[in-house]
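In terms of the working numbering, the sequence shown opens at residue -11 and continues consecutively.
Hints listed in this document are in silico derivations from the structure and should not be mistaken for laboratory results. Please read these numbers as outputs of a predicted model, since none were measured by experiment. Treat the hints with care, as some may be off.
[Claimed, not checked] Computed cross-link-like contacts, EDC-like style, restricted to lysine to aspartate or glutamate with a CA-CA straight-line distance of at most 16 Å:
1. K47 to D103
2. K28 to E18
3. K28 to D17
4. K28 to D13
5. K28 to E12
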Amino acid sequence: MNNTFIARDGEPAYMPDLDIDSPEDILADELGTTPVVARKVMAMLQAAEVRQQALTLGKVVGLLLETTNLQVMANAIAFAAGLDQLNGKKSQAEVARELGVTRALVSHYTVGVRDVLSGKRESFDCTKFRKKNSSRETFRAKATDPHTAAKAAAIARYRASQKITTK
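Work out the full structure, taking the sequences as your base and the hints as a guide.
Set out below in structure tokens:
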């Protein structure tokens, strides 16, 4: 079907194809119901989304109001949300150096923000600027592994015997 027609002024004009289903029609077909019910479902979903956005904003504002280190918290929120607008910041380590804090502190805040915003659900796991949550478990296991502790002690003994110092 041709979607153009000649308007009164003689110029071709676009006329939408009336055969295309609306989002309500598509949802009604998927749910096996009427477009009226589909519109109600869509309205309910949109209202739930707005409520969820308001709750998330409230959590973010609460985090900002409660923190003792506003700059670190603001960057942690940006990292946890995976925002691209980090003013050229490439890593938590870079932010930490700029703010004069440890990378571990920035990471701690980022993980805390992620946990608050997500309710600790894996579905909210933006790893654009940080590691996955599964790596937290791996790190915890390695940090408490007796083999790793023995290896670290052996390295420390060797460095002490060779008088090797690290900065």
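Hint check results:
1. A C-alpha spacing of about 11 Å is found between K47 and D103, which places the hinted pair at or below 16 Å, so the restraint holds.
2. Distance restraint check for K28 and E18: the Cα-Cα separation of roughly 15 Å lies within the 16 Å cut-off, and the hinted pair is therefore satisfied.
3. At roughly 14 Å between alpha-carbon atoms, K28 and D17 fall within 16 Å of each other, so this suggested pair holds.
4. In summary, the hint linking K28 to D13 is supported, as the alpha carbons are separated by about 12 Å, within the 16 Å threshold.
5. Proximity of K28 to E12 is assessed by CA-CA distance (about 9 Å); at most 16 Å being required, the pair is judged to hold.
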